[in-house]
Amino acid sequence: MNEKDTSWKELLPHLFRLEYTKMTAVLCRHFGLQHIETAEDITSETFLKATEAWALHGIPENPTAWLYTVAKNKTKDHLKHLRVFETQVKDAIRPDELQAEEDPDFTPQTITDSQLAMIFAVCNPANSAEAQICLALQILCGFSVEEIANAFLSKTETIKKRLLRARANLRKDNFQIRQLQEATIQSRLDVVLRTIYLLFNEGYFSRSNNHLIRKDLCSEAIRLALMLIENPLTNTTHANALLALMCFQSSRLDARADETGESILFEQQDKSRWSTELIEKGNYYLVNACSGNYVSKYHLEAGIAYWHTTPTDHNKWEHILQLYNQLILIEYSPMTALNRTFAFAKVHGHELAIEEAEKLKLVEHTAYHSLLGYLYAGVDEQKAIVHYSKALSLTKSKAEKKTLMKEIERLSGQNSWNAG
Amino acid sequence: MKEFLLIFRNTYNPHEHPSPEQLQERMNWLGNIIAQNKLVDKGNSLSVEQAKTVRPEDVVTDGPYTEIKEFISGYMILRAETIEEAIAIAKANPSLKDGGNIEVRAINKSE
Chain A
6 MNEKDTSWKE LLPHLFRLEY TKMTAVLCRH FGLQHIETAE DITSETFLKA
56 TEAWALHGIP ENPTAWLYTV AKNKTKDHLK HLRVFETQVK DAIRPDELQA
106 EEDPDFTPQT ITDSQLAMIF AVCNPANSAE AQICLALQIL CGFSVEEIAN
156 AFLSKTETIK KRLLRARANL RKDNFQIRQL QEATIQSRLD VVLRTIYLLF
206 NEGYFSRSNN HLIRKDLCSE AIRLALMLIE NPLTNTTHAN ALLALMCFQS
256 SRLDARADET GESILFEQQD KSRWSTELIE KGNYYLVNAC SGNYVSKYHL
306 EAGIAYWHTT PTDHNKWEHI LQLYNQLILI EYSPMTALNR TFAFAKVHGH
356 ELAIEEAEKL KLVEHTAYHS LLGYLYAGVD EQKAIVHYSK ALSLTKSKAE
406 KKTLMKEIER LSGQNSWNAG
Chain B
2 MKEFLLIFRN TYNPHEHPSP EQLQERMNWL GNIIAQNKLV DKGNSLSVEQ
52 AKTVRPEDVV TDGPYTEIKE FISGYMILRA ETIEEAIAIA KANPSLKDGG
102 NIEVRAINKS E
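If you read the protein sequences in the order shown, they are chains A and B.
Each position in the first sequence, counted from 1, maps to that position plus 5 in the numbering used here.
Each position in the second sequence, counted from 1, maps to that position plus 1 in the numbering used here.
In short, the hints are calculated from the structure, not lab data.
Some clues are possibly wrong.
Said to hold, decoys possible - List time: in silico DSSO-like cross-link candidates among lysine-lysine, alpha-carbon distance up to 30 angstroms:
| hint | chain 1 | residue 1 | chain 2 | residue 2 |
| --- | --- | --- | --- | --- |
| 1 | A | Lys351 | B | Lys110 |
| 2 | A | Lys160 | A | Lys403 |
| 3 | A | Lys321 | A | Lys286 |
| 4 | B | Lys110 | A | Lys366 |
| 5 | A | Lys351 | A | Lys401 |
| 6 | A | Lys286 | A | Lys401 |
| 7 | B | Lys43 | A | Lys388 |
| 8 | A | Lys388 | B | Lys39 |
| 9 | A | Lys366 | A | Lys321 |
| 10 | A | Lys351 | B | Lys43 |
| 11 | A | Lys160 | A | Lys14 |
| 12 | B | Lys98 | A | Lys351 |
| 13 | B | Lys3 | A | Lys364 |
| 14 | A | Lys14 | A | Lys79 |
| 15 | A | Lys351 | B | Lys92 |
| 16 | A | Lys364 | A | Lys351 |
| 17 | A | Lys366 | B | Lys98 |
| 18 | A | Lys366 | B | Lys70 |
| 19 | A | Lys366 | B | Lys39 |
| 20 | B | Lys3 | A | Lys321 |
| 21 | A | Lys220 | A | Lys388 |
| 22 | A | Lys366 | A | Lys403 |
| 23 | B | Lys53 | A | Lys366 |
| 24 | A | Lys321 | B | Lys98 |
| 25 | A | Lys364 | B | Lys70 |
| 26 | A | Lys364 | B | Lys53 |
| 27 | A | Lys177 | A | Lys165 |
| 28 | A | Lys364 | B | Lys43 |
| 29 | B | Lys39 | A | Lys321 |
| 30 | A | Lys411 | A | Lys401 |
| 31 | B | Lys98 | A | Lys395 |
| 32 | A | Lys364 | B | Lys110 |
| 33 | A | Lys220 | A | Lys177 |
| 34 | B | Lys39 | A | Lys364 |
| 35 | A | Lys366 | B | Lys92 |
| 36 | B | Lys110 | A | Lys321 |
Bear in mind the structure is a predicted one, so any value in this text is a computation, not a measurement.
Excised from the complex, chain A in its bound form (with noise of 0.2 angstroms):
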């Protein structure tokens, strides 16, 4: 294999990422949601194209623009074979379906708006939050179906079947992609940040043992949330919130795994490790998202996310505390509770914080007996352990039971441990 061999092998996968999507959202504006599988098939052509002719010729001077090309004549080609068969062979016409104009407009500012749309085609209220976080997976940001089904720990026939239904109900929607009307943007724009968190989210605390994965996703989901501050009919102060809380919780991605993909407990992380420019990024959505009156939980969990990454400040576990005071309240969730908890602790003690975990009785949840485990070491040892061997019953995650074997080691001063 020669060198003009390998580059272009390297090069057409980092492309398609890049480039699938804005092709695929330019087009579906171009033909109209309900095509979007013709929209998909012209992408998916051009980038075969590609594979063939820059394997025989190597890599041409502006690899883009060859692709952009490309795709604006196979989509010529579609509309003219379309219109025969119209006027031809079918009889009853519908002008207005497909009147579009034949060249789609690759432009830079058509790709945003045409991506911006298409989030919002995407986080279409009739699918389930887990279908629209694989459409949009899938759609936006150009995961295969192997890929998701990774990320979701899914069989990629469940994946398949998920987004079949999903897309039929998307090309059942009336949503326009061509121009995003400011009413749609303001009715769908809280179930699109919802999904872009849930998205980060299913990075972040993926199942996912596959650090490559998990990184992309969080990546993706910034890269969205991204776009959505640089429209002005999108850039909102809950929109900055959550940028601003990704950025925070982002800042620590790289010291919260070690080599061997383990994950490493907030308190062992190793500080300098933490991007600094993720958190000063994080800072300045922060200021953007206090302008307005309205707090979401959004602005509360990027407060929470900013006091972890402020080292010692004398009373930082108290702000920690009021702000899950506040988060509990607009929204109740159990990993909310424990999480409020181990703040309480930090303020209020071990032995108040046991009283109140106690009264919780979550005892289906791993966290639940962990946090347990942790607060009652040091006060009870037995009862550290008791705990602890419960959540590592109940935990599915490799890396979880071995960090409990560790602390159940630990706290029975036993070396010869073996849970097998």
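Fit chain B to the known structure of chain A by using the hints.
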């Protein structure tokens, strides 16, 4: 689970100038209840300035505190198995330290 109404009574207006510490303490108390998923309605604080009592024969008097030394400052609704449990939750409220009291009443619901 039954629902209980907590009625807060005070001899002073607790909403006038709470210190940051007092606010934190109140929020922590409330947070503990929500964390247990026992809050039904966080209720409201009741105004001290705009308070009148309407009596028969077209008599309207100033707030309830002309005749009694304490007035209702707020209310909330929570969920608990028994009244004893609701009482235990109320006991932890910081307003008790400042001379306030809390009336706990089970809510009768017509099924």
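Now for the hints, and whether the structure bears them out:
1. Lys351(A) with Lys110(B): Distance of about 41 angstroms is beyond 30 angstroms: violated.
2. Lys160(A) with Lys403(A): 19 angstroms, holds
3. Lys321(A) with Lys286(A): Distance ~20 angstroms between Lys321(A) and Lys286(A) Cα, so the pair holds.
4. Lys110(B) with Lys366(A): 27 angstroms, holds
5. Lys351(A) with Lys401(A): OK: Lys351(A) and Lys401(A) at ~28 angstroms, within 30 angstroms.
6. Lys286(A) with Lys401(A): Violated. Lys286(A) to Lys401(A) sits at ~35 angstroms, over the 30 angstroms cutoff.
7. Lys43(B) with Lys388(A): 35 angstroms, violated
8. Lys388(A) with Lys39(B): Holds: Lys388(A) and Lys39(B) sit about 26 angstroms apart, inside 30 angstroms.
9. Lys366(A) with Lys321(A): Roughly 27 angstroms between the alpha carbons, so the hint for Lys366(A) and Lys321(A) holds.
10. Lys351(A) with Lys43(B): 26 angstroms, holds
11. Lys160(A) with Lys14(A): It holds: about 28 angstroms lies between the C-alpha atoms, which stays within 30 angstroms.
12. Lys98(B) with Lys351(A): 24 angstroms, holds
13. Lys3(B) with Lys364(A): Answer holds: Lys3(B) to Lys364(A) is near 17 angstroms, not above 30 angstroms.
14. Lys14(A) with Lys79(A): 23 angstroms, holds
15. Lys351(A) with Lys92(B): 23 angstroms, holds
16. Lys364(A) with Lys351(A): Cα-Cα ~18 angstroms, so holds.
17. Lys366(A) with Lys98(B): 28 angstroms, holds
18. Lys366(A) with Lys70(B): At roughly 40 angstroms apart (the allowed maximum being 30 angstroms), Lys70(B) and Lys366(A) break the hint.
19. Lys366(A) with Lys39(B): Between Lys366(A) and Lys39(B) the Cα gap is close to 12 angstroms, so the pair holds against 30 angstroms.
20. Lys3(B) with Lys321(A): Roughly 37 angstroms between the alpha carbons, so the hint for Lys3(B) and Lys321(A) is violated.
21. Lys220(A) with Lys388(A): Given pair Lys220(A), Lys388(A) is violated - Cα atoms ~37 angstroms apart, limit 30 angstroms.
22. Lys366(A) with Lys403(A): 25 angstroms, holds
23. Lys53(B) with Lys366(A): 44 angstroms, violated
24. Lys321(A) with Lys98(B): 26 angstroms, holds
25. Lys364(A) with Lys70(B): 36 angstroms, violated
26. Lys364(A) with Lys53(B): With a Cα-Cα distance of about 40 angstroms, the restraint between Lys364(A) and Lys53(B) is violated, given a limit of 30 angstroms.
27. Lys177(A) with Lys165(A): With Cα atoms ~19 angstroms apart, Lys177(A) and Lys165(A) stay inside 30 angstroms; holds.
28. Lys364(A) with Lys43(B): 19 angstroms, holds
29. Lys39(B) with Lys321(A): 27 angstroms, holds
30. Lys411(A) with Lys401(A): Since the Cα atoms of Lys411(A) and Lys401(A) sit roughly 16 angstroms apart, the hinted pair holds (cutoff 30 angstroms).
31. Lys98(B) with Lys395(A): 39 angstroms, violated
32. Lys364(A) with Lys110(B): 26 angstroms, holds
33. Lys220(A) with Lys177(A): 33 angstroms, violated
34. Lys39(B) with Lys364(A): 11 angstroms, holds
35. Lys366(A) with Lys92(B): 20 angstroms, holds
36. Lys110(B) with Lys321(A): 44 angstroms, violated
When each numbered hint is compared with the structure, violations occur for hints 1, 6, 7, 18, 20, 21, 23, 25, 26, 31, 33, 36.
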